[in-house]
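Generate coordinates for the entire structure from the input sequences, incorporating the hints supplied.
Keeping their order, the protein sequence lines are chains A and B.
Note that my numbering has the first sequence beginning at -10, numbered continuously upward.
Note that my numbering has the second sequence beginning at 904, numbered continuously upward.
Careful: at least some of the hints might be erroneous.
Unchecked claim - Just some of the chain A residues that point at chain B, by a computed CB distance under 10 Å: (1) 15; (2) 127; (3) 198; (4) 361.
Please keep in mind that the hints were generated in silico from the structure rather than gathered at the bench.
In this text the structure is predicted, and so the values were computed from the model without any measurement.
Ideal Cβ positions, reconstructed from N, Cα and C, are used throughout, including at glycine.
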Amino acid sequence: MVQQTFEGEVLTEPVVVEREFETVDMNINIGPQHPATHGVFRMVLTVDGEIVKDAIPYIGYMHRGGEKLSENLDYRGALGYQDRTDYLAAFNSEWVYVNAVERLAGIEIPERAEYIRLILAEFNRILSHFMFMGAFGTDVGYFGTAFTWTFKERERIQDLFEAVCGDRIMYNYFRVGGLAWEPHETFIEDSHWVLDQVEVGIGDVDELMTNNEVFIARCRDIGAMTADEAIAYGVTGPMLRASGVPFDLRVDEPYSIYDRFHWEIPVGERGDVYDRYLVRLEEMRQSVTILRQALDQMPTSGPIEPERMPARLRPEPGEIYMRQENPRGEYGIYMVSDGTDKPWRVKMRSPCFHNLSSLKPQVINTYLADAVVALGSIDIVLCEVDR
Amino acid sequence: MVLSEFAGVSMPDWIDALLRIIFIVALMTIMAFALIYLERKILARFQARVGPTRTGPIGTLQSIADALKLVTKEDVRPITADRWAFELAPYMAFVPVFLVFVPMPFTETWFIRDLNLGLLFVFGVLGLNIVGVVMAAWGSDNKYALLGGVRAAAQAISYEIPMLLIIVAVVMVAAGRLAVDGDASAAGSINAIVGDQTTTPYILLQPLGFFIFIIGMLAELHRPPFDMPIAESEVVGGYFVEYSGMRWGMFFLAEYTALFLLVVLASSLFLGGWNWPFGADVGLGLQIVLTFVKTSVMIVLVIGSRALFPRLRIDQLMSFSWKVLLPFSIVQVIANGIILAYGGPDWVVGLVSFGLLVALGGLVYYIMSRKQGEGARTVQTTPATPRVITAPEVTPVEAGGD
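Here you go:
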């Protein structure tokens, strides 16, 4: 065999290059269109066979500039954008925003409105956690069973919301100073009925998943984070509590009327995916406890907005950071007023963004299937990450 | 039964065989359609839904509608795909499954041919199925498909071994019992094994075998909890992700035909097939009903496992096969050998196998409850202590103008 080099020199002997057998790492795109990403999240995994060696997350597909848009509307007009950040917990997000504006403008709201807000927000927490159970069950591999069972319960809560405010996802029901209108007459009875159903539903999910051997095998010791790591990444909410930190803004920085109820904060031990699941499951039960107390205490009649409200809100110049415990963690609104009828600056602190930042160390050197489960356990809402 | 006797005309053997094959293929296609419908309905019941209701009475024509849709759909081939591997793969997955029906006894006399080494034939030919899967995976030029195909190959290899060992154990028991009648060499024929279960279904003699066979069957069929080759949330459907139209439909048909096939096999080997356990000869009509009932029970079991189990991870699946199922099936074969060599009675065989099954269950339970950890059910709760509300103070700032 005759070979010619680039210089034109003719080699009569074949050149044998000895090499080790090389395997090449493969890049796999999880997203933006992939069943496991819960929205448009993209994660480029470098895999060696089944083992993830590197992960590069990409966010920003859903960025709509909600903060800037809010700065161009007056204080009341920007409320609708809050529904569209965390669309699974829209009442909670709305609540943070109206609370921030009320504190900034110094508006007192009637007690009854406070109770209704709290009840709706806690219902929304259960609804959001049900959504987590369903989507997470699908990630772990239930062929739709977890999804349909939890959606059955979600449907009841959404029916209640529809009766209260006329919408099932984008409620736009809270107002600065109170509520948009009275809830329907049978609100309390309906809520009690929904709670009864939801408690059964929580038990169903518990029986389906918690003690299932395959479920334990898939979730135990996956994506474990210590308390220090979780705090360093700014992780909040159920993920932080699963790592063993009993941090809940409803207790540690109480707002609204949470000091009137008795409940417990579930705390995990190992900070893995299974603990996150257990913490969320227990949180749903605790929310039911809070709701029962709130429904009993709630005044049956009374105003739902202050007697006098200014026609145009012009808060004194000042700044406020209002933060509350959303289903996914600490949701904060930082707002600066310059005395005009529009906020000078609005900043949303979204829990998912910080929780998602802890994904990479969780997935490296695990299996591909674990990466999907770890991503699912964060319970991301991409609209809230990208805002 | 030869068809010629049934129809009252005489015909050559090869025409008879051809007619039977056509009959089986037609029956299996109808069976697959029925299974798809049943699965959708039963799964819907598990999932608090109602399933298909719109096509035909209570949705019975849904499978026909699906098939029509698949046939009329465009058959897309990715431009970078390996043409021959891609286009031939569905046939490679499809044909072996149908071939395996040759020795399947639906009743005492209804089968294509009663092969002397029927069990060997079944597993030999069924193993070819995986070639089609790997061809599809490699030919699609898709990373998800490749991962799915490699997973499927690994899974098929690891689960066929315990399954085959269990078949060996069953054949040993059958040979021992058939030797009493004088012909132990017939123990490779499925029909002879079924014929031996007139009073004692082998599930009583080999409960561990039944359990391992069911697990191997689920793995072979890529059914949850062993569905990682086609995992939706990981590899987006696995090896047939690039297929559309009728080629995809052939994978689908092969899957459901294989389901029916393995269920018939399981019912023949362990539940006594067409036998009524309390009486000897029940006649052709009742035999059909018995086969149908036994297979239906198993099908509901398989579909239920799809509704109620999440998916194992690939390494967990492999270690479960090699570290748990394989040792237990080897022990089963050895135990059968020792007992039968010393002429032990049947109830000893059954008791030993049952003991092994209990040991297996206990082992899995022990490992998993250790993994779940102490006090995992009740997450430690800290009582929320009510405090006085401190509102975040509004801090006045120099309003920045722009």
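Evaluated hints:
no. : hint : result
1   : 15   : holds, 6 Å
2   : 127  : holds, 6 Å
3   : 198  : holds, 8 Å
4   : 361  : holds, 5 Å
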